[in-house]
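Between the sequences and the hints, there should be enough to build the whole structure, so can you do that?
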Amino acid sequence: MRTLQRVTVTAAIGLAVLLSAGHQASAQTKIGAVLSVTGPASFLGDPEKKTLEIYVDEINAKGGVNGQKLQLIVYDDAGNANNARTFATRLVEEDKIDAMVGGSTTGSTLAMIPVFEDAKIPFISLAGAIQIIEPVHKWVFKTPHTDKMACEKIFADLKHRNLTTIAMISGTDAFGKSMRDQCVAVAPQAGIKIATEESYGPRDSDMTPQLTKIHNTAGVQAVVNPGFGQGPAIVTRNYRQLGIKLPFYQSHGVASKQFIELAGPAAEGVRLPAAALLIADKLPNKDPQKPVVVNYTRTYQQKSGQAVSTFGGHAYDGLMILVQAMQRAKSADKSKVRDEIEKTKGYIGTGGIVNMSPTDHMGLDLSAFHMLEIKGGDWTLVPGT
Amino acid sequence: MSLRALLEIRLLPAILVAAIVIILPLFFPSAYYYRIGALVFIFALAVVGLNLLMGFAGQVSLGHAGFLGIGAYSVAIGPVHFGAPSWLCLFVGAILSGAVAFAVGRPILKLKGHYLAVATLGFGLLVAIVLTNEAGWTGGPDGMNVPALTLFGWRVHGSDAWYWIAGATFVGGFLLALNLMESPTGRALQAIHDSEIAARVLGIDVARKKLTIFIISAMYASVAGSFLALFNGLITPDVAGFLGSIELVAMVVLGGMGSIFGSLVGAAVLVVLPQVLTIFHEYEQALLGLIVMVFMIFLRQGIVPSVTVALAGWRK
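Chains as they are written, first to last, in the numbering used here: chain G, 310 to 694; chain W, 1492 to 1807.
The reader is advised that the hints may include incorrect statements.
Said to hold, decoys possible - Here are the simulated DMTMM-like pairs of lysine to aspartate or glutamate, each with C-alpha atoms no more than 25 Å apart in a straight line:
#, chain 1, residue 1, chain 2, residue 2
1, G, LYS405, W, GLU1738
2, G, LYS359, W, GLU1773
3, G, LYS339, W, GLU1775
Keep in mind the hints are simulated off the structure, nothing from the lab. Being a predicted model, the structure only gives us computed values, none of them experimental.
Okay, structure coming up:
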């Protein structure tokens, strides 16, 4: 009997465990989220989760949406696309959500798209890559700006200064690689010539050889550095050590106070594109985004006790676009809400002013980015951008 | 035939596993359960392979997710870049994994001790790095789409279809592993596990037998990886990551080293448990660790062997 018994016991335990996986029923509007709260992408998922919780509470305290309270269901995929897909299936089949906000990384978002397309549930992603909205998926939207826009913003500023020939030095991490590819792709349209290209690994500690090579390349008028983390800070230090005088551009990937601290005085004069959220207090009063970003910054810092990041801002925008669409649709009907999200016009968020259309499920333009220059160890707005 | 004689049929465990595969869906209220079921069988397949290596040959592989990655990216890269049919790529991936295991294992398994663990650790990391950096082929860190599997004109789609495929393949793999253990190679391995010196005295080519089982276990993992990729329709390099390898080892140890049936139990626990624990929100990870610890403290041999021993004692 031994084998039979051990099999039946195990099967019974397995079943009990499977069946106990929660069922809850209520007449609330359910919003699902799968975020990378732990793991290597937790710098994205953690502020996103906190933001959603803070604002869902706030909306419920004011009576909810269309008279219904919101119920937020968050799962942590730990940055793993396979987990994300499982939780997406669970949100659809078990939790029976009405709409979805989140998917912190591009990988987990791409893994979840087929689930929500099949189930016909509106899905607002918080991940960066352009593949999420190109080609357009009927039910999928996203709030963060793309790397392509950062490239275009830098190139526009270069043209403004009559500089057309550049060199690029890129990190080989996910961010650096993605942005580098986008920059190379849009350079010809922008009328920019990339004279030479160098790269460095995420853990390299000296980039002077690459920079020396760039310095010795004839005709280079400016240098662009797509990258994330500490790499760009080292590049910036090496850049000054070599005494290179050419204008130097960093990406939105380093738009945090940490970069200025790491690079020190070498960061002086470096330009980079960044979202309004980072310079909330420096925006001119007439800027339409000013009240939104100042309010979000204050609320988030007060409730979470942490500094704001643009990632939490993306979650704020996703939730608000969804809630406003539900209000316009006067229901949580999935198809009506989807149509209303697509009709979002003039929504002022932390990431920019959103104007969606059937062919553009992001709805941001270059005005979402502000060109900054580091002066005196702080950000300053470059006038006229 | 008496009940006793019936129970001594060698294939009985396989028949019971097949019965579990068939009966479980009767209790599935939605496609989500089919998905969890399919994931359990896919991971269990890889764990059976690893269990052969760990439980019988006494060697640890800390890079087994690397073979999962090779299998997964074979069915992604083959159809996308070469237009090859997915089923063919699945076999090519398995053969490739076997060849890599041969190359890695041949020099190392001649040595005594746990050199294989270190070598496979490095191998697993290498695979993950290549998958991340060769963006032109693999799509880089964001992963790449995997075209759906087409079998005789039928486009395999949906959690229920994959539940049946994964379940059937697992039963096949389970049967194969049971037979292997009864074969001369299997008996030789068990002898090596008990005493390597005694086995050597009996004329068993220890290094060769270990190498054979390492290649077989790599091929099991590769097929599981291919299934995972085809099932999800998208694959990212984290499939081959170090954490993935550790998870596979944990499944083997939890279910019970040397217990083929334990492989299924170990995989089931570690796939299902995180889903159940989500109700505890922030404490999810801590509880998962705690439960695994409790299992290991009180069921030291792994779930299946410990429970079997306890039941045998209780019957007396």
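Results for each hint:
| no. | hint | result |
| --- | --- | --- |
| 1 | LYS405/G x GLU1738/W | violated (30 Å) |
| 2 | LYS359/G x GLU1773/W | holds (12 Å) |
| 3 | LYS339/G x GLU1775/W | holds (22 Å) |
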